[in-house]
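Please model the complete structure; the sequences and the hints are all you need to start from.
Chain order of the listed sequences is E and Y.
Read in the working numbering, the first sequence has 73 at position 68, and its numbers run on one by one without any break.
Read in the working numbering, the second sequence has 346 at position 8, and its numbers run on one by one without any break.
Since the hints were made in silico from the structure, they are not lab data.
Certain hints may be false.
What the hints assert, rightly or not - Below are the DSS-like pairs computed for lysine-lysine, each with C-alpha atoms no more than 25 angstroms apart in a straight line:
#1 Y:Lys-526 to Y:Lys-538
#2 Y:Lys-611 to Y:Lys-394
#3 Y:Lys-452 to Y:Lys-368
#4 Y:Lys-368 to E:Lys-44
#5 Y:Lys-368 to Y:Lys-611
#6 Y:Lys-611 to Y:Lys-451
#7 Y:Lys-370 to Y:Lys-445
#8 Y:Lys-394 to E:Lys-44
#9 E:Lys-44 to Y:Lys-370
#10 Y:Lys-371 to Y:Lys-445
#11 Y:Lys-394 to Y:Lys-370
#12 Y:Lys-611 to E:Lys-44
#13 Y:Lys-665 to E:Lys-174
#14 Y:Lys-394 to Y:Lys-628
#15 Y:Lys-370 to Y:Lys-342
#16 Y:Lys-370 to Y:Lys-448
#17 E:Lys-174 to Y:Lys-628
#18 Y:Lys-448 to Y:Lys-526
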Amino acid sequence: MFKLQKKEIIDQSSLYTVPLIAIGCSLIFVFILFLLIGKNPILAIFIIFIEPLLSIFGLSELIVKSTPLIIIALGLSIGFRAGVWNIGAEGQYTIGALFGGAAILAFYPNNGIWILPLSFFIAIVGGILWGMIPAFFKARFNTNEILVSLMLTYVATLLLSGMVYGPLKNPDGFNFPESRLFHDSGTLPIIFPGTRAHIGFLIAIILVGLMYYLLKKHKFGYHVRVSGESPRALVFSGRSTNYMVYLSFIISGAFAGLAGVIEVSGPVGQLVPAIPVGYGFTAIIVAFLGRLNPLGIFFAGFLLALTYIGGEAAQIRLGLPNAITGVFQGVLLFSLLAAEAFTNYTISLKKIRGNI
Amino acid sequence: MSKKVLGSIIVILIIAVGFYYQFQLSEDNKVKKVGFIYVGPVTDFGWTYEHDQGRKAVVEAFGETVETTYAESVSEGPDAERAITQMARDHDLIFTTSFGYMNPTIKVAKKFKKVKFEHATGYQRADNVATYAARFYEGRHLIGLIAGGMTQTNTIGYIASFPIPEVIRGINAAYLAATSVNPTVEFKIVWVYTWFDPGKEADAAKALIDQGADIIMQHTDSAAAMTIAEEEGIYAFGQASDMIQFGPNAQLTAIIDDWAPYYVERTQALFDKTWESGDTWGGMPTGMVKLADISDDVPKVVVNLVNEAREGILSGDIHPFTGPINKQDGTAWLAEGEVASDGDLLGMDFYVEGVNGVIPN
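Put into structure tokens, the structure is as follows:
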């Protein structure tokens with residue numbers, strides 16, 4: 006009989022070693038997988054994980070792809086630390102994109118530097134409102150926030166479709182489901198000319214710093230930790246458990262909404278039905294791979310973005326199937342959870358004595 | 339040796355060996371590189387599958403002188419521009435095979451002036467961006483005739499993807515043809531808002547069967563509806579490719595998109611340096627739209643009718659949209675004997691008279 010027992014003292018260095026071990030295991034797994042499907046494994050791993058880092062194009066696209074992942078994961082990490090499970094960041098992201106995009110379109114073709122900040126604000130409000138729905142039901146009726154937030158994702162997607170097919174449709178677009186392209190005042194400035202890397206990435210970096218400060222130096226971080234470890238202790242420290250539910254959803258909704266508007270005003274440049282592409286779900290992997298730590302999330306966001314971009318390059322250049330990216334991400338999450346279990350628990354083969 | 343040193347050595351080795359292979363990979367510059375961006379997986383047995391058949395035809399036609407690549411399941415959102423850019427960096431000709439790639443294709447084409455782009459089903463062109471599409475409504479006309487001649491319940495189920503002109507045109511073409519054979523036919527239309535989602539498509543098929551449909555048409559890409567039709571013992575039409583393996587008894591015929599001749603022709607133009615931007619809207623006469631074998635269950639009379647219509651379309655004598663045709667609200671669209679203009683067809687945003695329901699907006 007196997008028996009799992011929680012270790013009393015957990016080695017602090019596991020914070021860094023666990024993700025690295027998980028990444029190593031996943032690499033070994035895909036190495037074998039490439040061998041099995043008859044592709045040169047070293048070349049494949051090189052093209053997926055190294056090559057995108059060696060060109061301006063690759064780096065700029067990494068910035069583009071990781072920005073929404075990092076921002077959403079930062080927001081989610083607060084709730085996850087506090088034991089509030091927002092699985093519907095994808096929906097809050099979609100609503101942010103819709104609200105922000107609609108605001109930009111509403112001011113078409115006016116110019117002004119105030120258009121983007123205003124649309125950002127509206128998008129954040131949208132994300133928060135969408136997050137408030139599961140939070141309210143959780144706080145008021147104790148419903149399961151995982152289910153409610155997840156289901157609202159589909160509602161958000163349909164809402165976006167409905168708007169893009171209806172009021173926000175490009176009047177010159179032959180009835181095709183797309184909004185018009187945003188004008189210059191509704192488009193994020195580019196950091197490096199000739200690439201798609203936009204200032205949304207700088208916002209992500211600022212948010213990483215802000216989160217780091219809040220969690221380490223501010224009373225807020227203390228509440229978050231206490232809530233996750235012992236909800237009752239939170240009550241003793243003068244806050245209700247509902248306070249943490251609302252706060253978690255406000256923060257993750259706001260961050261996801263912000264990521265949404267950054268994405269539409271950055272690389273997409275218009276509203277299309279295909280705005281939700283799973284960033285809200287991938288961000289969950291990013292949050293855990295980054296150990297719910299702002300800096301960790303920053304690097305994890307980059308790694309996941311790398312798998313997308315490298316996976317695509319490997320498809321085009323080596324004819325690898327698209328599924329490789331998903332397989333790698335799945336194995337990564339699995340290895341991470343397994344490695345974590347091994348560091349936090351001891352496994353004994355002894356017979357279980359008596360009642361536990 | 340410490341773990342760190344060992345780890346570093348492995349990483350450096352992978353980088354070094356990777357570089358070595360990579361230089362070998364990029365050595366051959368004489369071949370033309372032709373790339374394809376697909377919206378679904380190449381195994382969808384529908385839309386993307388047929389585009390990939392076209393790619394294989396290019397390989398067959400040009401052999402060693404051409405190298406083809408593809409990226410599948412590229413989402414039409416922010417990822418499309420990156421995927422197209424990745425290809426544009428070292429390809430000569432790129433086919434982007436879904437409507438949602440239009441703006442990304444135009445954007446990338448501006449940056450890569452020497453690369454030729456071909457965008458399927460769009461309406462924006464540039465000096466190095468051509469567009470192409472097929473007159474699927476010609477195929478819809480033929481399957482409409484079969485459906486009208488075959489239905490027992492006088493109810494045809496129609497799984498529609500998105501309310502864009504292309505899809506509305508298909509509904510209208512099939513409806514007009516079906517009612518020309520059997521005026522009491524009614525169409526039940528379900529909008530699923532996806533091109534490829536076997537689960538949703540199967541649900542739609544079941545819902546339509548519950549509403550009395552005994553024949554199912556679809557404008558989505560998977561074979562899910564065909565599978566349901568086979569299970570339920572009713573009929574259906576294959577979409578985009580021959581789906582006979584999914585419905586050996588259920589498939590009456592299939593509208594096949596054959597992109598091979600076009601892809602080969604455009605690749606040839608690339609070699610001949612005669613490639614020019616333009617819009618191609620091919621149909622049955624150019625071989626872009628074909629019909630699979632018609633099932634033995636279809637009565638001889640109906641088969642004859644279909645063959646007659648097919649001959650007419652091939653020779654240009656028959657146009658599926660020939661007046662008199664009224665719009666759904668009763669206003670006149672085409673007068674007696676008048677043929678719809680391509681402009682009208684490309685922007686079609688109304689049902690013809692007799693179709694029930696409203697186009698979602």
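To see whether the hints hold, each was checked on the structure:
1. At roughly 16 angstroms between alpha-carbon atoms, Lys-526 (chain Y) and Lys-538 (chain Y) fall within 25 angstroms of each other, so this suggested pair holds.
2. Simply put, Lys-611 (chain Y) and Lys-394 (chain Y) have alpha-carbon atoms about 22 angstroms apart, close enough for the 25 angstroms limit, and the pair holds.
3. This hinted pair checks out: Lys-452 (chain Y) and Lys-368 (chain Y) have alpha carbons roughly 16 angstroms apart, not beyond 25 angstroms.
4. For a cut-off of 25 angstroms, the pair hint linking Lys-368 (chain Y) to Lys-44 (chain E) stands: about 24 angstroms separates their Cα positions.
5. Distance check on the hinted pair: Lys-368 (chain Y) and Lys-611 (chain Y) sit about 15 angstroms apart at the alpha-carbon level, within 25 angstroms; holds.
6. The straight-line distance between the Cα atoms of Lys-611 (chain Y) and Lys-451 (chain Y) is roughly 15 angstroms, inside the 25 angstroms bound, and the hint therefore holds.
7. A C-alpha spacing of about 23 angstroms is found between Lys-370 (chain Y) and Lys-445 (chain Y), which places the hinted pair at or below 25 angstroms, so the restraint holds.
8. About 20 angstroms separates the Cα atoms of Lys-394 (chain Y) and Lys-44 (chain E), which keeps this hinted pair within 25 angstroms; it holds.
9. Among the hinted pairs, Lys-44 (chain E) with Lys-370 (chain Y) is consistent with the structure: their alpha-carbon atoms are about 23 angstroms apart, no more than 25 angstroms.
10. In summary, the hint linking Lys-371 (chain Y) to Lys-445 (chain Y) is supported, as the alpha carbons are separated by about 20 angstroms, within the 25 angstroms threshold.
11. This hinted pair checks out: Lys-394 (chain Y) and Lys-370 (chain Y) have alpha carbons roughly 15 angstroms apart, not beyond 25 angstroms.
12. Restraint check for Lys-611 (chain Y) and Lys-44 (chain E): the C-alpha separation of about 35 angstroms exceeds 25 angstroms, so the hint is violated.
13. Restraint check: the Cα-Cα separation between Lys-665 (chain Y) and Lys-174 (chain E) comes to about 23 angstroms, which is no more than 25 angstroms; the hinted pair holds.
14. Restraint check for Lys-394 (chain Y) and Lys-628 (chain Y): satisfied, since their Cα atoms lie roughly 18 angstroms apart, inside the 25 angstroms limit.
15. For a cut-off of 25 angstroms, the pair hint linking Lys-370 (chain Y) to Lys-342 (chain Y) is broken: about 44 angstroms separates their Cα positions.
16. Proximity of Lys-370 (chain Y) to Lys-448 (chain Y) is assessed by CA-CA distance (about 21 angstroms); at most 25 angstroms being required, the pair is judged to hold.
17. Proximity of Lys-174 (chain E) to Lys-628 (chain Y) is assessed by CA-CA distance (about 33 angstroms); at most 25 angstroms being required, the pair is judged violated.
18. Under the criterion of a C-alpha separation no larger than 25 angstroms, the hint pairing Lys-448 (chain Y) with Lys-526 (chain Y) is inconsistent with the structure, at around 44 angstroms.
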